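Residue numbers (this note's numbering), protein chains in the order written: chain V, 1 to 150; chain E, 151 to 300; chain W, 301 to 380; chain A, 381 to 460.
By construction, these hints were calculated from the structure, which means they are not laboratory data.
Every value quoted in this text rests on a predicted model; they were computed, and no experiment measured them.
Using N, Cα and C, we set each Cβ at its ideal position, and we do this for glycine too.
Each hint should be verified, as a subset may be incorrect.
Unchecked claim - Where chain E lies over chain V, by a calculated footprint (3+ residues, C-beta under 8 Å):
1) 10-19
2) 24-32
3) 97-110
Claimed, not checked - Straight-line distance between alpha carbons at most 30 Å, and here's what the computed DSS-like set of lysine-lysine pairs gives:
4) W:Lys302 - V:Lys56
5) E:Lys272 - A:Lys402
6) A:Lys382 - E:Lys206
7) V:Lys122 - W:Lys322
8) E:Lys218 - V:Lys114
The chain contents come next:
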Amino acid sequence: MFRLAAEPLDPAALQRALSDVRAGACVTFEGWVRNRNEGQPVTALEYEAYAPLAEKEGARILAEAQEKFALIGSACVHRTGQLGLGELAVWVGVTAEHRGAAFDACRYIIDEAKARVPIWKKEHYSSGATAWINCATRGGEVGDAAQPPA
Amino acid sequence: MFRLAAEPLDPAALQRALSDVRAGACVTFEGWVRNRNEGQPVTALEYEAYAPLAEKEGARILAEAQEKFALIGSACVHRTGQLGLGELAVWVGVTAEHRGAAFDACRYIIDEAKARVPIWKKEHYSSGATAWINCATRGGEVGDAAQPPA
Amino acid sequence: MKTVSVQYFAILREQRGLTEEKVSTTAATLAALYDELRARHGFTLPGDRVRAAVNDEFVAATAPLSDGVRVVFIPPVAGG
Amino acid sequence: MKTVSVQYFAILREQRGLTEEKVSTTAATLAALYDELRARHGFTLPGDRVRAAVNDEFVAATAPLSDGVRVVFIPPVAGG
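Pulled out of the complex, with its shape left as it was, chain V reads as follows (with noise of 0.2 Å):
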């Protein structure tokens, strides 16, 4: 299951959904708004995805980790608008009998999701500046494609 989400992430109910007595691993990751990025002061966030095709997308590499990996339960929730310091921006969760598959396919879909999904992150700074992630087009600039993800 990949969904987008306007409001705010429950992981608790997200990670209850994915249940399962034949699952031994559970492993999750979360993306949370750090309040700098390269040394830039962060003090707020903005996600903006092309849903259709981002929910295609993510559903796309769900099927993909469940076919590459002995996985029992995958899911994938990216929020979108404005968000705070601290906010959990993304979740992605996975079951399986054993934790090697569980740890291999949770990392892959969370670097397949950050490479594929069409989702676009705006920062804004403390010197009221902001960017959009990735697309600048000059070095040295606030934004530079250079910034490593988290």
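Guided by the hints, dock chains E, W and A onto chain V, whose structure is given.
Frame of chain V; chains E, W and A shown alone:
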């Protein structure tokens, strides 16, 4: 923070305790009681710990993880006593600026904890048999050391 | 002359100042359409940093542009 | 003759039928003490599958056994 717990764990509270606005990634591992192990239907488990040394060794593993990986926080809590199917047996949570360190550290902590912390698991099977896992001394027996962990 | 609908997101939406428009064009490919729109609206992202979608599926930028389709140009993504 | 306290956990506790006892022994090392106890109580785990702790710290099985210490023999662990 490593600790043993005789009562059910509260993963939401454990994760909240790791909240940090410097963190961009939080990875958790949960070990759940499965309904089968190596084909045997499992009905319940019990964990027994050599508490003083388990707590020391658990704390050493977390300190190693903090040293090896670019972590912000880490915690591991392991249940003792009787557990039913689907119950949470062990919880590991780590936070980091970036997700690579968080995944690697979470995996390191659970791998090392399973290998080094003096905690033992006794499985109860629907046949009425029981076995201390990894303690069999003849092949082919329930609880044989060959069985893969979660 | 073809007429297509173009939807804008993120930095392209801000630089264009709207979320969707009808465009009449003679562009043969999606890449050619992006270059045309970039020249017209001053988009900062070069064509090689933008992916394309038609009717909510990814397509190659070199794919031919058909009449009546809905086009989205996708800036570098940054979820998570 | 030394006197040590021995604590039992898990399969050793069940096979011994108690959690702790005082033991008088001439064993020179922890490994020798385990072999002595194994012969006496019928422990199924061979010495090479058991680790040793003295006063709540891991020690090598070949370490000399001192008078008055508290010893734990550690079956293969299985947390998680």
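Hint by hint, here is what the structure shows:
no.: 1; hint: 10-19; in the structure: holds (count 4)
no.: 2; hint: 24-32; in the structure: holds (count 9)
no.: 3; hint: 97-110; in the structure: holds (count 8)
no.: 4; hint: W:Lys302 - V:Lys56; in the structure: 28 Å, holds
no.: 5; hint: E:Lys272 - A:Lys402; in the structure: 26 Å, holds
no.: 6; hint: A:Lys382 - E:Lys206; in the structure: 28 Å, holds
no.: 7; hint: V:Lys122 - W:Lys322; in the structure: 26 Å, holds
no.: 8; hint: E:Lys218 - V:Lys114; in the structure: 25 Å, holds
Violation of the numbered hints given earlier is absent; every hint is satisfied by the structure.
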